[in-house]
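Sequence order for the protein chains is A and B. For the first sequence, the positions run 1240 to 1612 when our numbering is used. For the second sequence, the positions run 21 to 303 when our numbering is used.
Hint data in this document are derived by calculation from the structure and do not stem from the laboratory. Keep in mind that this is a model prediction, so the values were computed, not measured. The C-beta atom is built at its ideal place from N, Cα and C for all residues, glycine as well. Heads up, a few of these hints could be off.
Unchecked claim - Simulated DEER-style distance windows between Cβ atoms: (1) Asn-1355/A <-> Arg-30/B: 55 to 61 Å; (2) Lys-1371/A <-> Gln-289/B: 37 to 43 Å; (3) Val-1255/A <-> Ile-155/B: 40 to 46 Å; (4) Ser-235/B <-> Ser-1296/A: 22 to 28 Å.
As the list claims (entries may be wrong) - Just so you have them, the derived chain A footprint on chain B, three or more residues with Cβ under 8 Å: (5) 187-201; (6) 211-217.
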Amino acid sequence: MASIEIANARKSYGAVDVLHGINLNISDGEFIVLVGPSGCGKSTLLRMIAGLEDITSGDISIAGDVINDLQPKDRDIAMVFQSYALYPHMSVAENMSYALKLRKTAKDKIADAIGNVADILGLSALLERRPKALSGGQRQRVAMGRAIVRKPQAFLFDEPLSNLDARLREQMRTEIRKLHHRLGATSVYVTHDQIEAMTMADRIVAMHDGIIQQVGSPVEIYDRPANIFVASFIGSPAMNFLEGAYETTADNGDQGAGIRLSDGSLVPVLPAQGASTNQPVTLGARPEHITIVQDAANGLPARVDLIEPMGLSTLVHATLAGKPIKIFTMDRPDYAVDSFIHVAFDMEKVHVFDSSSELRLPPLTEPHTGHSD
Amino acid sequence: MTLTGHTTTRKMLYWGSHYLMIAAFVLFALFPLYWLLKVSVTPNDILYTEGVRMWPSRTTWENYTFVLTQSNFPHYFMNSVIVAGTTAAVTTVIAALTGYAFSRFAFRGKVIIVALMLITQMFPLVMLIAPIFKILAPLGLTDSLTGLIIVYTAFNVPFATFLMQSFFDGIPKDLEEAAMIDGNTRFEAFRAIILPLTLPGVAATLGFVFTAAWSELLFALMLVSSESASTFPVGLLSFVSKFSVDFGQMMAAGVLALIPACLFFLLIQRYLVQGLTAGAVKG
Chain A
1240 MASIEIANAR KSYGAVDVLH GINLNISDGE FIVLVGPSGC GKSTLLRMIA GLEDITSGDI
1300 SIAGDVINDL QPKDRDIAMV FQSYALYPHM SVAENMSYAL KLRKTAKDKI ADAIGNVADI
1360 LGLSALLERR PKALSGGQRQ RVAMGRAIVR KPQAFLFDEP LSNLDARLRE QMRTEIRKLH
1420 HRLGATSVYV THDQIEAMTM ADRIVAMHDG IIQQVGSPVE IYDRPANIFV ASFIGSPAMN
1480 FLEGAYETTA DNGDQGAGIR LSDGSLVPVL PAQGASTNQP VTLGARPEHI TIVQDAANGL
1540 PARVDLIEPM GLSTLVHATL AGKPIKIFTM DRPDYAVDSF IHVAFDMEKV HVFDSSSELR
1600 LPPLTEPHTG HSD
Chain B
21 MTLTGHTTTR KMLYWGSHYL MIAAFVLFAL FPLYWLLKVS VTPNDILYTE GVRMWPSRTT
81 WENYTFVLTQ SNFPHYFMNS VIVAGTTAAV TTVIAALTGY AFSRFAFRGK VIIVALMLIT
141 QMFPLVMLIA PIFKILAPLG LTDSLTGLII VYTAFNVPFA TFLMQSFFDG IPKDLEEAAM
201 IDGNTRFEAF RAIILPLTLP GVAATLGFVF TAAWSELLFA LMLVSSESAS TFPVGLLSFV
261 SKFSVDFGQM MAAGVLALIP ACLFFLLIQR YLVQGLTAGA VKG
């Protein structure tokens, strides 16, 4: 196993820049998830690590050695493809042993390794089958097995679960995590699914337009998103955003702050670093940080648009200050559509974003940690 | 009549007419071959006297014996085997490599090369005979099998390349990328993973080029004048003399000429119908 360092890596196709100077250090044994919408450059970055794409400039090192000019076969990495990419004319056992055979590993050692991995993945009964005789989940396992059997320096995963149905995806998510725990292998995992990112990552790398937006643990990214993009991309149901103007208030000598919404109502927030009065800001509130209150004096009026029962919880869609918002509740409310409710924001949990730079303005009370890498 | 009985009858009618149409088509396509066979075994003396009959009253092998023992046909035949076989092999190798490049790589001038290759397919061959003769004559390549092989290869490579490219396009790129990560170079991955999966395409290309070269007459007639370098389509013409046509012998030679083509397709048909890529990626 090994660490991976990416220093100022760029990728351009002609005049089009796909990646603008990526810097990232992945520690030995870490499980890193690259997440972002399609076209953000996450797969390109993974393929650059694998050696399937050239690096326009910058360096990528594995275990301290710059590997820019090494062929994929000389990088000692394994990759699991979205399409699984199993060799159709080979049996499961042949698929898994292919890399070992190319390395001229002794036959008995290959057999041992395959038996071992097949045990771990529950493939022992399928070793003689061809890929076309396997189900989607089984193919996925074979693809994993093919990677594991090699004991590479690092594992690369390119959206490996997106072809599976929801239930299987959930199951494989857990299995990959357990496997990582067991093997302790450095892993880079690409996905557009923020739930996979949240549940699997040691650290999440959120990407957008070829730029790393934020690197951090799942909780860090969820609780302290660096900007509006990360805040909106991570979390389901997504965060609510309301435009307004920043205001400072003084209440009994305590310095207070609020955001004046377009309808004139004021949402109290913690005083934010670097925010000045009348500065256009965006209020970001996750659905679970908005509560429905009975007392009209303590809340802002919102019109109910839709009630969405989700089993465990209920999602209330409403309109506040002319903007749609979603409210998460563990109750089972039965409001009529178009009726009015009152909502209050959890001032400790909501975020203030600068509307022009879209960066989060952390509360004065939050220690300055620095958001990006 | 019950509902199920009714649908069964309709189904039978449907499938009946279905097969009837296929049978009609096959009959239409194969009838000339049948006629070829029939005339080849008809004795010369009753060929014109019996009128049009589906099968002659007497049959004979004498046309075959003549063609095989008295004529130059076996020699022409060997020439054709050499020319068509070599052309098919050389063309397919070139087409496989070029088609792979077209399918997988983006490179400068690709569009121009493709356009040029398409343009070569636009001209009637007749137009090109004179210039090609002019080019080949000083090189000593007229009247030679090598010259024919070069010309046939040149004319078949463009189409064969596009054919091979379409087969490579059907094979996911992920497969050779996986192989390259597993420890292959790109060329090894091409040979060990991609080529076995393209066997149906290779077979189709071989078959197509072989048949084209096997039955080519125009260039064979114009570029070759000696008996020693003639191919069988030219040889067939030798049965046409100034005053008569030896239909029986000509047809016998034709039937014999069918044999290698049939054998060839028999060998490759397994690959033609095989869908090897099933299950490679998400099915």
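Earlier hints that do not hold, by number: 2, 4
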